[in-house]
Amino acid sequence: MAKSPKILFVDDDRDFLAAQVAFFGGRGYEVVTLDRVDGALERISQERPDIIVLDLMMEHYDSGFMLGRRIRQDPAMIEVPILMLSGVAAATGHKFAAEAAALKDWIKLDAFLDKPVTGRQLLKVVEEKLGARAPAAPATVVG
Amino acid sequence: MPSILVIDDEYGVRSGIRQILELEGYTVEVAATGREALDLLDARPFDIALIDYQLPDLDGLTLLASMRSRKLATMTCMITAYANIDTAIAATRQGIDFFLPKPFSPDDLLGVIETLSRHKQLKEEAEKLRKENEASLLALATEKSQTSSLVASLRDAVLVINREREVVLANHAMSALLGREPKDLLRAPVDEVLGAMSMSGLAALLSAQGDEERKLAEVTIGERIFFASVVAFHGEQGAALGRILTLADVTDMRRMAMEKPRFIRTMVHEFRSPLGAIRSLIEVATEKSLGADLAPYLPFLERADKRIDKMVELIGELLSLSRIDLERTANASDPPADISSAVSATMDLYREKLAARKIDVSVDIAPDLAHARIGDDDLKTILSNLVGNAVKYGRDDGTLRLRAALREGKVLIEVADSGIGIRSENLPHLFQEFFREKRSETRDIDGNGLGLAIVKRLVERVGGQIEAESTLGVGSLFRVILCPA
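Going line by line, the protein sequences match chains R and G. Residue numbering for the first sequence follows this note's numbering, beginning at 26 and increasing consecutively. Residue numbering for the second sequence follows this note's numbering, beginning at 716 and increasing consecutively.
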């Protein structure tokens, strides 16, 4: 059996993280969660995830961006898909759509998703980014 | 007919004069001495007094002086056989109106009386006119001063210019805005006055030709936004005399208008985050991520339930905020708050939480302190928010000091903790809705950032003040200043 892909979440909402552990865990993923930006970079390079989901609204509205950019600066992480979750447009009133493209390019983000996002929506994008590496339909889940 | 007083010590003269005058219909009284004359003059007014220069008790000049000091309206005529230029000059100085040298004929006498009567009449008419004129001048001055004090007291800045485009009036608000004394503005060319403040847009507004009654524009001066209005004013003949410029500061209105969307965006975010979490937690169950058994889902559903509780709490606080904003002013009929009972009610509320964190509490209420001018419930809300924060952001084994005292005629309530403190750069935002300091120490502390916003509104609507002091890592102090009841 193929090794489970590792998905790493950085988000300050612990309930959201707990739900993702169960949801993606049930889908055959190995789930790692970080609830703060401090020390995240070190953990990420240790964990070597296959895909990263970053929340923008961490301690500061830009800390998600900075973290994303720094992950990309690690040569080993250049290829890892990064998905960014944002409720920023609503929270700060930034005209986000216009900036998103530039930021996406700056961080080399793979996707932007607007919060609140459902596990299923997230799963769809994750599967798309991982392609063949994504686990098959949840055979482990007993219906 | 005029009334006449004849003052002569010679019986023949005074009764002769009396007969002649009474035949003509005049009312006549006679006096033989100066004293007698003054008594009569004090008793009733006379239109004309005929005065003999030589009186047994006093001379005519002295009598004239006494009459003058009484400010009588009586016309005077000196009758004397010894008329000389010195007497004439002296008598004139005392305000004599006419001379009748002795001896004189009845026609001479009647001629003099007629002349004096006419003078008297003219004098009275002149006096009447003068009084009327004075009254209307006074009314005019009163109206002018009413208008100028009205203009001076206006919150709007007012500037009036004449046809020559010179400033003829500027109220306090305008002179403050221009940074110049009102007297320096008077007669100054308006283009120079406004140009210096880079308000040339206003100068243009003031100079625009045409007879439009009113012109409006929005202008920015420094950091403030003003609604400018220019009105031409006209004289009675319809000629334009000048223009009146008023500037109403609409900065706060605009700021409020800008504040509202920001508030709503933040509120949306405050709802969206927990909704996202709740949805993810429920999704675990609907997706059966943990298998067919119900038991493993319960912790997720409980977490979702807790988040819903917090949302309900948030809605409650938002409603409080909106209620306070709607009421604007506190209900004046509310009984004033009993400070010491509000404090003990609050401390009772937090007794368990304080004990659990082993926080050392000291409460010090000055004995001369009784009531504060604020509703009882409002004071309790304020205290429970401040004490609640001191518990939430306090440290185990820390301290909480609550002091209430009278200082400089005000009620001072201080709540101080030895907690984690607030970054100094965040102090100005502390009372803003939804503001929460995002730090590793605060992330596990529940709160929606509305408590202090509510406190500030409650304090300010009764004319109070709230201040915060804090040292990061050492503690915070909140000071509420209220009026005693």
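Please keep in mind that the hints were generated in silico from the structure rather than gathered at the bench. Possibly wrong hints are sitting among the right ones.
Derived lysine-lysine pairs resembling DSSO-like cross-links, with alpha carbons at most 27 Å apart [unchecked claim]:
| hint | chain 1 | residue 1 | chain 2 | residue 2 |
| --- | --- | --- | --- | --- |
| 1 | R | Lys154 | R | Lys31 |
| 2 | G | Lys786 | R | Lys28 |
| 3 | G | Lys1153 | R | Lys129 |
| 4 | G | Lys786 | R | Lys149 |
| 5 | G | Lys1003 | R | Lys154 |
| 6 | G | Lys843 | G | Lys786 |
| 7 | G | Lys843 | R | Lys31 |
| 8 | G | Lys1068 | G | Lys1107 |
| 9 | R | Lys133 | R | Lys149 |
Right, here's what the structure says about each hint:
{"no.": "1", "hint": "R:Lys154 / R:Lys31", "result": "holds, 13 Å"}
{"no.": "2", "hint": "G:Lys786 / R:Lys28", "result": "violated, 123 Å"}
{"no.": "3", "hint": "G:Lys1153 / R:Lys129", "result": "holds, 25 Å"}
{"no.": "4", "hint": "G:Lys786 / R:Lys149", "result": "violated, 110 Å"}
{"no.": "5", "hint": "G:Lys1003 / R:Lys154", "result": "holds, 24 Å"}
{"no.": "6", "hint": "G:Lys843 / G:Lys786", "result": "holds, 16 Å"}
{"no.": "7", "hint": "G:Lys843 / R:Lys31", "result": "violated, 108 Å"}
{"no.": "8", "hint": "G:Lys1068 / G:Lys1107", "result": "holds, 9 Å"}
{"no.": "9", "hint": "R:Lys133 / R:Lys149", "result": "holds, 20 Å"}
Hints 2, 4, 7 from the list above are not met by this structure, while the remaining hints are.
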